[in-house]
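Peer 1: In case you want the letters, here they are:
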Amino acid sequence: MSKKEIDHELLNWEWEIKPETSWWNLNFKELVSYKDLILQLARKEFLGLYQQTLLGPFWALLQPLLTVITYVIVFNRVIGISTGSVPPFLFNLIGITLWNLFSEMFLQTSKTFSLNVEIFSKVYFPRIIVAISTLWLQLILFSIQLLLLFATYLYFSIIGDLHFDISRIFLIFPIIVITTGIGFGGGLIFSVLTAKYRDLTALIQLIIRLLMFVCPIFYTLSMVPENMQWLVIINPLSSLFEYFRFAFLGTGTLNTFLLMYSAVFMVIIGCFGIMLFNKMSDKLIDIL
Amino acid sequence: MSDIVIQAENISKMYQLGSIGSGSLRRDMQYWWEREILKRENPNQYINGSNKIDNADMIWALKNVNFELKQGEALGIIGSNGAGKSTLLKVISRIIKPTEGIVRGRGRISSLLEVGTGFHPELTGRENIFISGLILGMKKTEIFAKFDEIVDFSGVEAFIDTPVKRYSSGMYVRLAFAVAAHLEPDILIVDEVLAVGDADFQKKCLGKMNDATSKSGRTVIFVSHNLQAVNNLCTKALWLDKGSIRSKGNTKTVINDYLNTLHKKGWVKKYPTLNEAPGNDFIRVMYVELIAGLKDPNDVVDIRTPLTVKFRFYNASDNIVLSTDLLLFTLAGECIFDIPSKPASYKKGIIEGECKIPGNFLNDGSYYFTLYFAKDTSSELFSYEECLMFDIADYRDSINWYDKWWGYVRPDFPLLLNPVENDLKNL
Numbered sequence: 001m002s003k004k005e006i007d008h009e010l011l012n013w014e015w016e017i018k019p020e021t022s023w024w025n026l027n028f029k030e031l032v033s034y035k036d037l038i039l040q041l042a043r044k045e046f047l048g049l050y051q052q053t054l055l056g057p058f059w060a061l062l063q064p065l066l067t068v069i070t071y072v073i074v075f076n077r078v079i080g081i082s083t084g085s086v087p088p089f090l091f092n093l094i095g096i097t098l099w100n101l102f103s104e105m106f107l108q109t110s111k112t113f114s115l116n117v118e119i120f121s122k123v124y125f126p127r128i129i130v131a132i133s134t135l136w137l138q139l140i141l142f143s144i145q146l147l148l149l150f151a152t153y154l155y156f157s158i159i160g161d162l163h164f165d166i167s168r169i170f171l172i173f174p175i176i177v178i179t180t181g182i183g184f185g186g187g188l189i190f191s192v193l194t195a196k197y198r199d200l201t202a203l204i205q206l207i208i209r210l211l212m213f214v215c216p217i218f219y220t221l222s223m224v225p226e227n228m229q230w231l232v233i234i235n236p237l238s239s240l241f242e243y244f245r246f247a248f249l250g251t252g253t254l255n256t257f258l259l260m261y262s263a264v265f266m267v268i269i270g271c272f273g274i275m276l277f278n279k280m281s282d283k284l285i286d287i288l
Numbered sequence: 001m002s003d004i005v006i007q008a009e010n011i012s013k014m015y016q017l018g019s020i021g022s023g024s025l026r027r028d029m030q031y032w033w034e035r036e037i038l039k040r041e042n043p044n045q046y047i048n049g050s051n052k053i054d055n056a057d058m059i060w061a062l063k064n065v066n067f068e069l070k071q072g073e074a075l076g077i078i079g080s081n082g083a084g085k086s087t088l089l090k091v092i093s094r095i096i097k098p099t100e101g102i103v104r105g106r107g108r109i110s111s112l113l114e115v116g117t118g119f120h121p122e123l124t125g126r127e128n129i130f131i132s133g134l135i136l137g138m139k140k141t142e143i144f145a146k147f148d149e150i151v152d153f154s155g156v157e158a159f160i161d162t163p164v165k166r167y168s169s170g171m172y173v174r175l176a177f178a179v180a181a182h183l184e185p186d187i188l189i190v191d192e193v194l195a196v197g198d199a200d201f202q203k204k205c206l207g208k209m210n211d212a213t214s215k216s217g218r219t220v221i222f223v224s225h226n227l228q229a230v231n232n233l234c235t236k237a238l239w240l241d242k243g244s245i246r247s248k249g250n251t252k253t254v255i256n257d258y259l260n261t262l263h264k265k266g267w268v269k270k271y272p273t274l275n276e277a278p279g280n281d282f283i284r285v286m287y288v289e290l291i292a293g294l295k296d297p298n299d300v301v302d303i304r305t306p307l308t309v310k311f312r313f314y315n316a317s318d319n320i321v322l323s324t325d326l327l328l329f330t331l332a333g334e335c336i337f338d339i340p341s342k343p344a345s346y347k348k349g350i351i352e353g354e355c356k357i358p359g360n361f362l363n364d365g366s367y368y369f370t371l372y373f374a375k376d377t378s379s380e381l382f383s384y385e386e387c388l389m390f391d392i393a394d395y396r397d398s399i400n401w402y403d404k405w406w407g408y409v410r411p412d413f414p415l416l417l418n419p420v421e422n423d424l425k426n427l
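Keeping their order, the protein sequence lines are chains A and B. End of the first sequence sits at 288 in full-length UniProt numbering; the numbers just go up one at a time, nothing left out. End of the second sequence sits at 427 in full-length UniProt numbering; the numbers just go up one at a time, nothing left out.
Some hints could be false.
[Claimed, not checked] In the DSS-like style, the derived pairs of lysine-lysine whose C-alpha atoms are separated by at most 30 Å in a straight line are:
(1) A/Lys122 x B/Lys242
(2) B/Lys242 x A/Lys283
(3) B/Lys139 x A/Lys283
(4) B/Lys215 x A/Lys122
(5) B/Lys97 x A/Lys18
(6) B/Lys146 x A/Lys35
(7) B/Lys342 x A/Lys122
(8) A/Lys122 x B/Lys63
(9) B/Lys63 x B/Lys139
(10) A/Lys35 x B/Lys97
(11) B/Lys248 x A/Lys18
(12) A/Lys279 x B/Lys97
(13) B/Lys208 x A/Lys122
Hint data in this document are derived by calculation from the structure and do not stem from the laboratory.
Model the full assembly from the supplied sequences, consistent with the hints where possible.
Peer 2: Spelled out as structure tokens, the structure:
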């Protein structure tokens, strides 16, 4: 065997298993080759969610509906928060729909390791596949809720005097992307952390519950007293809610700078989440 | 020559014993602070004086393991429990990363140890075939193409649209195995240790292995405690001992090496003085030995090997009618035979005995001898229980049957079959 042939042979390996994992080893070609698996895993979770249930996928609608009704009673009727000319039902539904996207994305992604130890310890595929399929599933569930929101919106714009503007509506897409990115990135980070430190699972619940109150979901940014506004503004999710509401209602505190802040935050947390997940996923198998 | 499909170079895997990181964020942060910021060499001794991480806390589950396999070769990995066999398989199948070393390869790897991985109890058999197949690395088109075959193989056609949580455990395993069995990887990994199924299932596993190697010329890596199966199915073997390779190469040689350390051949008990020797006022057993009739001392005592028992005892009584029985028991305590000597009159003094057990008589397994001494044929003088314990290894020549051979004895009496030329109507 000549030297040339040996070199050729060394190059001919299809895969290598090495001790070190780089921060950036996302192999997009490999991920694409697993696209069937991504879809099938999302499908499995979706079907699994609603097997042997009375209402099936309607649960995806029932949850926001009941939440909205509770919010309307508590915040608008009891406490007396005014939503102006906007029907309280629609007002709250807009906020809750976006909030559900974020909170579910964050929560479900953070369970990537804890729910899949069994599979991860038995078979290899890029671990991020599972997180990506969760992402898809959550987007599907979100789009069901979005349909409910559109139906409600149309209903109120027919019977009421809501000003419907088709051009504004397209604003929701960048908002959805940014919200998804922050939820996904944060979820990835916490999936690694909770795999290592079990007690952080409780922290996630707490984060979600507390974060909800500093997001303008059932109130608007303009209702917050000037001296308290910083508290809501430092939350990168806040401006997303304002823009999302603006897309439907045409009112809200719009600030391009704050939107940029949210977008940059998303890029940072998204990249960091993916990097950390990649770096740690091999090591975590040893200690899970 | 570039048909090497998998090559492992100096694979090592280290595990940390005890509570890893103890799940405490504070301790990990301190560790990081000490090491990265203060640049101390062994931070743990500053953090927690009594809890230093030294070498005693580390265990090398694998140490410098090398091997390579060519297309179509079958490698058997043998070794006692905890030798690192499963760890090695996990490294090869990319589930865990090695601490050191590198594995290079070509083609798709699948393992038969992941039976039922990814099954969702709420979903139907049909859905689960797709999910499990995709997780195990099949392409969607492949699953479509083989779907009917898989269902057929599993034998659960009637229940294919029923959620698998309603399946009996047998049906569940059959369906799961059917999916795994239709994988067509370039490198197939079979871990029999983890294949916890009934005998039938194990047999299917081995049958599948056999097909893979002999029919489709696939590369196979096989871990098993069933040395007979390794012997018949594998072209090469690797013996792992405490994470390192003790021996590798030709299957027969490696298995012999392995068995030789497991089964000692010098079964002997010898007592220099009468007082130390087991016995009583009548009898003292001074020496017992089991000698294996092996042509090559490096061979293993298997069912073909003739055995000789030799013993010597002191008889303290003058002019008595004495007889000795040699009894053989299985480990479970079932007596296989009781061979008496002819009762005869002996004077006080040392008496020697010998008994030959031919080859092709005992089945494989673990046995022990008992020596029994009697006066006037029936009154017991002394019984030396469990005086020698020994193992006999299995040996099968080109027989594709790997279950435990039945029976306590395994004589090779000829059993002949002759076709009879006869008209069935005239029966």
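Peer 1: Now tell me if each hint is right for this structure.
Peer 2: Here is how each hint holds up against the structure:
The suggested pairing of A/Lys122 with B/Lys242 holds, with an alpha-carbon distance near 23 Å, which does not exceed 30 Å. Using a Cα cut-off of 30 Å, the hinted pair B/Lys242 and A/Lys283 holds, with the two alpha carbons roughly 22 Å apart. At most 30 Å may separate the alpha-carbon atoms for a hinted pair to count; B/Lys139 and A/Lys283 meet this at roughly 28 Å. A threshold of 30 Å between alpha carbons decides the hint, and for B/Lys215 with A/Lys122 the separation of about 27 Å falls inside it, so the pair holds.
For the given pair, B/Lys97 sits about 7 Å from A/Lys18 by alpha-carbon distance, which is consistent with the 30 Å threshold. Pair hint B/Lys146 plus A/Lys35 holds up; C-alpha atoms about 20 Å apart against a cutoff of 30 Å. Between B/Lys342 and A/Lys122 the alpha-carbon distance is near 63 Å, which puts this suggested pair outside the 30 Å criterion. Between A/Lys122 and B/Lys63 the alpha-carbon distance is near 22 Å, which keeps this suggested pair within the 30 Å criterion.
Our distance criterion of 30 Å between C-alpha atoms is broken by B/Lys63 and B/Lys139, whose separation comes to about 35 Å. Proposed proximity of A/Lys35 and B/Lys97 is supported: the alpha carbons are some 24 Å apart, at most 30 Å. For the hint pairing B/Lys248 with A/Lys18, the CA-to-CA distance comes to about 23 Å; that is within 30 Å, so the pair holds. For the hint linking A/Lys279 to B/Lys97, the alpha-carbon distance of about 12 Å falls within 30 Å, and the restraint holds.
For a cut-off of 30 Å, the pair hint linking B/Lys208 to A/Lys122 stands: about 20 Å separates their Cα positions.
In this structure, the earlier hints numbered 7 and 9 are contradicted, and the remaining ones agree with it.
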